[in-house]
Amino acid sequence: MRNNHVRLNCGITLPLIGFGTYSFPNDRKTTELAVHNALEMGYRHFDTAKIYGSEPAVGKAINEAICEGEVEREDIFLTSKLWGSDHHDPVSALKQTLENMGMEYLDMYLVHWPVSLKPWVDYPVPNQDDFEKLDLENTWAGMEKCLEMGLCRCIGVSNFSSKKIECLLDYACTPPSVNQVEMHPMWRQGRLRKTCGDHNIHVSAYSPLGGPGNAWGSTAVVNHPIIRSIAFKHKTTPAQVALKWGLSKGSSVIVKSFNQGRMKENIGAFDVRLDNEDMLEIEKLEEVKIMRGEFHVNETTSPYKTIEELWDGEI
Numbered sequence: 001m002r003n004n005h006v007r008l009n010c011g012i013t014l015p016l017i018g019f020g021t022y023s024f025p026n027d028r029k030t031t032e033l034a035v036h037n038a039l040e041m042g043y044r045h046f047d048t049a050k051i052y053g054s055e056p057a058v059g060k061a062i063n064e065a066i067c068e069g070e071v072e073r074e075d076i077f078l079t080s081k082l083w084g085s086d087h088h089d090p091v092s093a094l095k096q097t098l099e100n101m102g103m104e105y106l107d108m109y110l111v112h113w114p115v116s117l118k119p120w121v122d123y124p125v126p127n128q129d130d131f132e133k134l135d136l137e138n139t140w141a142g143m144e145k146c147l148e149m150g151l152c153r154c155i156g157v158s159n160f161s162s163k164k165i166e167c168l169l170d171y172a173c174t175p176p177s178v179n180q181v182e183m184h185p186m187w188r189q190g191r192l193r194k195t196c197g198d199h200n201i202h203v204s205a206y207s208p209l210g211g212p213g214n215a216w217g218s219t220a221v222v223n224h225p226i227i228r229s230i231a232f233k234h235k236t237t238p239a240q241v242a243l244k245w246g247l248s249k250g251s252s253v254i255v256k257s258f259n260q261g262r263m264k265e266n267i268g269a270f271d272v273r274l275d276n277e278d279m280l281e282i283e284k285l286e287e288v289k290i291m292r293g294e295f296h297v298n299e300t301t302s303p304y305k306t307i308e309e310l311w312d313g314e315i
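Taken in order, the sequence shown gives residues 1 to 315; the numbers are from the UniProt record's numbering.
All clues stand as given, with none of them false.
Derived DMTMM-like pairs: lysine to aspartate or glutamate, alpha-carbon spacing no greater than 25 Å straight-line:
| # | residue 1 | residue 2 |
| --- | --- | --- |
| 1 | K163 | E144 |
| 2 | K60 | E74 |
| 3 | K264 | E72 |
| 4 | K145 | D89 |
| 5 | K194 | E137 |
Pair ranges (Cβ atoms, derived):
| # | residue 1 | residue 2 | range |
| --- | --- | --- | --- |
| 6 | E40 | P124 | 26 to 32 Å |
| 7 | E148 | T13 | 17 to 23 Å |
| 8 | V71 | T30 | 16 to 22 Å |
I should point out that these hints are in silico values taken from the structure, not numbers from a laboratory. Note that CB positions come from ideal geometry on N, CA and C, so glycine has one too.
Full structure from sequences and hints, please.
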């Protein structure tokens, strides 16, 4: 196996550096150009989602590259995600995603969040009264149906806690292959990585640099003195140090930049070598969950009474 891929529990391999396509506002032409540039640089793992609005642009750019003989479909690992308003019918949602992208199948389909939303919620930050009680067992049965129908090659989850993973495994006929979560040197997800490792579930890191440039993000990771000193020591960049840390933990990383210079920098993280001293120094960093405020809970209107119940309570 190539050392820049990992074999998932479903038997297929996933490229360890993925190209994220979330942007706000989403501009189709800009996204198409970014995907073309990423393909030229060697990216082969592309991450999108219904709620990102980037599915059509990603599909168009990849299909153009295939038609022009630049890549084969089999060379590409393509991921999209089930939005909360589609939990009642993952099969129909995935068929719509495939139509959006002009694809016959996805390589990976993820449950975007462990929350269910009312059918009309097509915006990324739900209101307090947009939530419905989640029937995750029924949702997962729909995901397994997508797999059985050949609409995707693997299924997985995103933003699932250790307790949610354990709950899902109680009734899943097919276990998730991936759990995509926020993870970076200042939010190291130690407990979750152990839980997923115990069940052979691959952890994929989004916001692996702390999400700088996003409304919820911060430059705290790439500007941290320890990260910067390690970068200086190895004559590399803070971003490459942060990405290599994630890769060294056995995770894949989803990088999101449409700037060509940073795109080249990010994929160059494969060539960085961190030693044991570097890894120990990173373990000393104070943990700060950069991404916050995606979902809000109102004790009177939401079926979830607290943030803890939303993520880890009975479902």
